[in-house]
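**Student:** Using the hints, position chain B against chain A.
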Amino acid sequence: MKVLLRASESRWLAPAAVLAAVLLTLLLTAVPIRLAGANPAAAFERYLVTPLTTFGSLGEVLLTATPLLFTGLAVAIAFRVGYFNIGAEGQFLAGTIAASIPALYLPDLPAPIALPLALAAGAVGGTAWAFLPAWLKRHAGIDEVVTTLLLNPVALLLVQGLLNGPWRNSATGFPDSDRFGAGYDLPRLIEGSRVHAGLLLAVLLVAVTWIVMSATPLGLRLRAAGQSPSAARFSGIRVTSLQWRCALVSGAVAGLGGASQVLGVQHQLTASVSNGYGYTGIVVATLGALAAGGVLLAALLLGTISVGAQNASIVLQLPTQMGAIVSSTLLLAAVGFLAARRYRLALRRRRVR
Amino acid sequence: MDFPILAVLAATFTIATPLVWAGLGAVINERAGILNLGIEGIMYAGAFVGFLTAASTGSLALGLTAAIVAGLAAGALMGLLTVTLGVNQHVAGIGTTLLLIAASEFTNRLLFSSGSQTITVKFDRILSGFFAQYPMTYVAFLLLAPALWWLLRSSGFGLRLRAVGENPEAADAAGIPVARTRYAALMLGSALMAVGGAFLTLSLLGSFTLDIVGGRGWICIALVIFGRWRVWPVVAGALLFGFTDALQLQLAITPFFSAVPNELMIAFPYLVVIAALAIWGRGVRYPGAYLTPYRRA
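Protein chains in written order, with my numbering: chain A, 1 to 353; chain B, 1 to 297.
These aren't lab readings, by the way, just hints derived from the structure by calculation. In this text, a Cβ means the ideal position worked out from N, Cα and C, and glycines have one as well. Wrong hints could be hidden among the right ones.
DEER-style ranges, computed between Cβ atoms [to be verified]: (1) ARG223(A) / ARG295(B): 22 to 32 Å; (2) LEU204(A) / GLY175(B): 55 to 65 Å; (3) ARG6(A) / GLU169(B): 19 to 29 Å; (4) SER8(A) / GLU169(B): 39 to 49 Å; (5) ARG295(B) / PHE174(A): 51 to 61 Å; (6) LEU9(B) / SER272(A): 32 to 42 Å; (7) ARG282(B) / VAL22(A): 40 to 50 Å; (8) ARG11(A) / GLU169(B): 28 to 38 Å; (9) LEU9(B) / GLN317(A): 46 to 56 Å; (10) LEU23(A) / ALA76(B): 15 to 25 Å; (11) THR292(B) / GLY219(A): 19 to 29 Å; (12) ARG34(A) / ALA259(B): 46 to 56 Å; (13) SER230(A) / ALA278(B): 22 to 32 Å.
Chain A with its partners taken away, still in its complex shape:
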């Protein structure tokens, strides 16, 4: 047997690889579910089907998918031009901090001024957090992977420091901020569910990204820079400058996600505001093939699994971490099978060596 590169690839191969990845994920994750004393079939139904069947849980899916849309899109924008921003977590947190500043210090502003102000602040905060790694990459050639990663724990420490210090809750004394002024509540979209206008903003950003990527000269340059930096450079595209701009846009989108989360869901800053959304964003972007539409689908899928995991922990006594096991296994299986589809097996005719 010998592994050979495929000369051509048939259209059904990529969907088949995804299907194989899903099946392998179900097979592999059935083991720990079994060990935890639950029925795998019942558990998978909880993870993948139950959340989509009732109106209430469907709303929760959309709510959970909202921050993932922002972080997934942020990661996809950066990865697409070959800038490996692993710092969406920190940029998301910086966005929550920045959005909290007007919300805490100017609590009485009316909504038409307060919301744009706080959202813009979130985007600026995310951009600011992305600035240093991007600047170091552009002017000193320092690997962005390491610097963006290292700033994630720093952002969390900054949140904790603010909550233990100046922003400690004035009524309870707990390390949560005060509740924001009423003008800072993102409006609910659907009566009877917690889905908020942040979802609308996220979907709008997905649409804009899709149009820019697929229908503008800028999008063409971005895709070229990501696919083959040397060829793009040769044809006159300024790759470094594109990466620099995408790094900052990526930070802004992640920061906007943080703002949407505090303004739409929490209405105050807490240390657990992120819940790893920045890291999950990498899963979303990858499963979505770094494309805007793919990010939308992947965020909905992971939102479903996450809501299902909450549900299964109550009904089936399966710890919620099972949801993260399912999504990370799915990620590894999907990238594995998608990489494997480029090769074919051939029987070796004669031994060369």
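**Tutor:** Below, chain B alone, put in the same frame as chain A:
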């Protein structure tokens, strides 16, 4: 003011120990051309599996062995993804980290249902005074670092490993099995990362808590670039981080600094590492085949 400089220096070596184990593991991986961002999760899994085994068997040696086995398995998984399948190494690494952390926390919840447990046995410090350190600290500085320095520099395995990391085509032409060498590097390096994690539970704390690794893996990835993929500079980087961390721990209980928020003090070593990277990380030469999968043309 009476500043306990000896205590700070002693703590420097203790804090640097897991970074030396895991950081040198990362050196071995990256010298073979693979960026292993699974490091954070592998340390986490090493810490948890080591703790779990030691707690249930009462044997520290078994705990350490189990951590090593977990590291080898994680290295094999990274090998399957990055060497055999040629997946994007950033994605494979982050995915592995997410999977291992989730799997460890899942098992922890299932078995103990609360956040933190202690083991009754743990490695004790040996010797006294400044030299009162854990055995794994002595092993890291006196055995592991010289051994890996020799291994990479002079041994046949080290030469093959560097060859597949610099120029896999040439290595292949010279008859070196590229895939097998990279698997070996990944498994060895990941085992060292797992031992670094196990140090936290089996020596330092004697307990397992959530988020026990706390970004130490990412620090190691930075130290490897700072140390330009060489053993002794990486050890020096680990000591630099250890020193700043020991210093902030000491200063945090010094009255003069009591007004400084604790979180700022904790963040200080991270900022020092970024600053060190900004100053000494310019124009570094990465291993030739860094991030590049190899497939015979």
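**Student:** Hint by hint, say whether it matches the structure.
**Tutor:** Status of the hints after comparison with the structure:
{"no.": "1", "hint": "ARG223(A) / ARG295(B): 22 to 32 Å", "result": "holds, 24 Å"}
{"no.": "2", "hint": "LEU204(A) / GLY175(B): 55 to 65 Å", "result": "holds, 57 Å"}
{"no.": "3", "hint": "ARG6(A) / GLU169(B): 19 to 29 Å", "result": "holds, 21 Å"}
{"no.": "4", "hint": "SER8(A) / GLU169(B): 39 to 49 Å", "result": "violated, 25 Å"}
{"no.": "5", "hint": "ARG295(B) / PHE174(A): 51 to 61 Å", "result": "holds, 56 Å"}
{"no.": "6", "hint": "LEU9(B) / SER272(A): 32 to 42 Å", "result": "holds, 37 Å"}
{"no.": "7", "hint": "ARG282(B) / VAL22(A): 40 to 50 Å", "result": "holds, 45 Å"}
{"no.": "8", "hint": "ARG11(A) / GLU169(B): 28 to 38 Å", "result": "holds, 33 Å"}
{"no.": "9", "hint": "LEU9(B) / GLN317(A): 46 to 56 Å", "result": "holds, 49 Å"}
{"no.": "10", "hint": "LEU23(A) / ALA76(B): 15 to 25 Å", "result": "holds, 22 Å"}
{"no.": "11", "hint": "THR292(B) / GLY219(A): 19 to 29 Å", "result": "holds, 27 Å"}
{"no.": "12", "hint": "ARG34(A) / ALA259(B): 46 to 56 Å", "result": "holds, 54 Å"}
{"no.": "13", "hint": "SER230(A) / ALA278(B): 22 to 32 Å", "result": "holds, 26 Å"}
In this structure, only the earlier hint numbered 4 is contradicted, and the remaining ones agree with it.
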